[in-house]
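**Student:** Residue 289, in the working numbering, is where the sequence shown stops; the numbers in between run on with no holes.
Derived from the structure by calculation, the hints contain no laboratory data. Certain hints may be false.
What the hints assert, rightly or not - Across the chosen pairs, the derived CB separations fall in these ranges: (1) Leu75 <-> Arg52: 41 to 47 Å; (2) Ala225 <-> Leu75: 46 to 52 Å; (3) Asp127 <-> Pro258: 24 to 30 Å; (4) Pro258 <-> Arg47: 43 to 49 Å; (5) Glu257 <-> Arg171: 20 to 26 Å; (6) Glu137 <-> Thr112: 42 to 48 Å; (7) Ile252 <-> Asp50: 53 to 59 Å; (8) Lys208 <-> Asp131: 31 to 37 Å; (9) Thr3 <-> Glu24: 18 to 24 Å; (10) Leu261 <-> Thr29: 49 to 55 Å; (11) Arg171 <-> Gly116: 45 to 51 Å; (12) Gly17 <-> Asn230: 50 to 56 Å; (13) Val44 <-> Gly284: 38 to 44 Å.
Think of the CB as a built atom: it goes at the ideal place given N, C-alpha and C, for glycine as much as any other residue.
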Amino acid sequence: MLTLRMLKTFRLVAQTGSFAAAAERAALTQAAVSLQMRGLEDAVGQRLFDRRARQITLTRQGRDLFPRVEQILALTAELTATPAATMQGPVTIGAVVSVIGALSLVVAELKTAHPGLDVRLTSARSDELTDLVEQGEVDIAAVVARADDARADGLVWTPLYTEPMVMVVNRDITESDPQRILDNAAFLRFDRRVRTGLVVEQALRAAKLSVTEYLELNSIETIVALVRKNVGVCVLPLLHRGDWQSDPLLRIVPIAEPPLLRTVGMIHREHDSRTRDITEAIVGMLHEV
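Full structure from sequences and hints, please.
**Tutor:** Given below as structure tokens:
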């Protein structure tokens, strides 16, 4: 007979690629996992696993079944959960490095409101975080949108906020024309291998600005620290809660009107009501500021 426990175990096996790993995560013996999966195959009348290789893989029938199992388990959780219950237990939230500062403040507020939540924050590149959410390794992620993004099946995108692309210069630079500033200053470029770096390049092209590159770095904080020391200038998103406008060592110079925007949003799995509720809470708290 088909049971919810079988479906939960099937999801673990599919995610880990191993009966042993699934057994460890489910607090079962490997034999119990194997027995459950034989029972599931008998119940659906299909072979769901290819057991010939060292790592367990899903057959075509198993791959077809997986999204339906995810949906069944999510709907079951939604039916049995109370509003308070969705804000309890472990949750892993990822964010790109330039967002994690603002996000950590909101997560702290969320923890205060819901002490039953056990939150783990992690950072990675947008593409990596999207893959981790899709694989179930991260529950929710704050990532930078890309113009050519194709949303993966089973993932939900919720916009958080936009940030204008601006030039950040040392306070000693009084010039206001962006190209004249760039003609007389070294350019500190953000890493072009990541999405924010691509948005920087798009902003430069849209504003028809030419630069003399000095350094390319993968840290907004480091770039801004160098600008404070008047090592060079940069084009960056005006970070949410970054407070650069009130920094006595910096000036913000617009480079286009209207400005090119960097869009930041949250992604989570479509049929996971718990992560949906947490995402909505995070969005609400960010918009209160």
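**Student:** Now, for every hint given, state plainly whether the structure supports it.
**Tutor:** Here is what the structure says about each hint:
no., hint, result
1, Leu75 <-> Arg52: 41 to 47 Å, "34 Å, violated"
2, Ala225 <-> Leu75: 46 to 52 Å, "49 Å, holds"
3, Asp127 <-> Pro258: 24 to 30 Å, "28 Å, holds"
4, Pro258 <-> Arg47: 43 to 49 Å, "57 Å, violated"
5, Glu257 <-> Arg171: 20 to 26 Å, "23 Å, holds"
6, Glu137 <-> Thr112: 42 to 48 Å, "26 Å, violated"
7, Ile252 <-> Asp50: 53 to 59 Å, "57 Å, holds"
8, Lys208 <-> Asp131: 31 to 37 Å, "35 Å, holds"
9, Thr3 <-> Glu24: 18 to 24 Å, "20 Å, holds"
10, Leu261 <-> Thr29: 49 to 55 Å, "53 Å, holds"
11, Arg171 <-> Gly116: 45 to 51 Å, "46 Å, holds"
12, Gly17 <-> Asn230: 50 to 56 Å, "53 Å, holds"
13, Val44 <-> Gly284: 38 to 44 Å, "41 Å, holds"
Consistency note: the structure conflicts with the earlier hints numbered 1, 4, 6.
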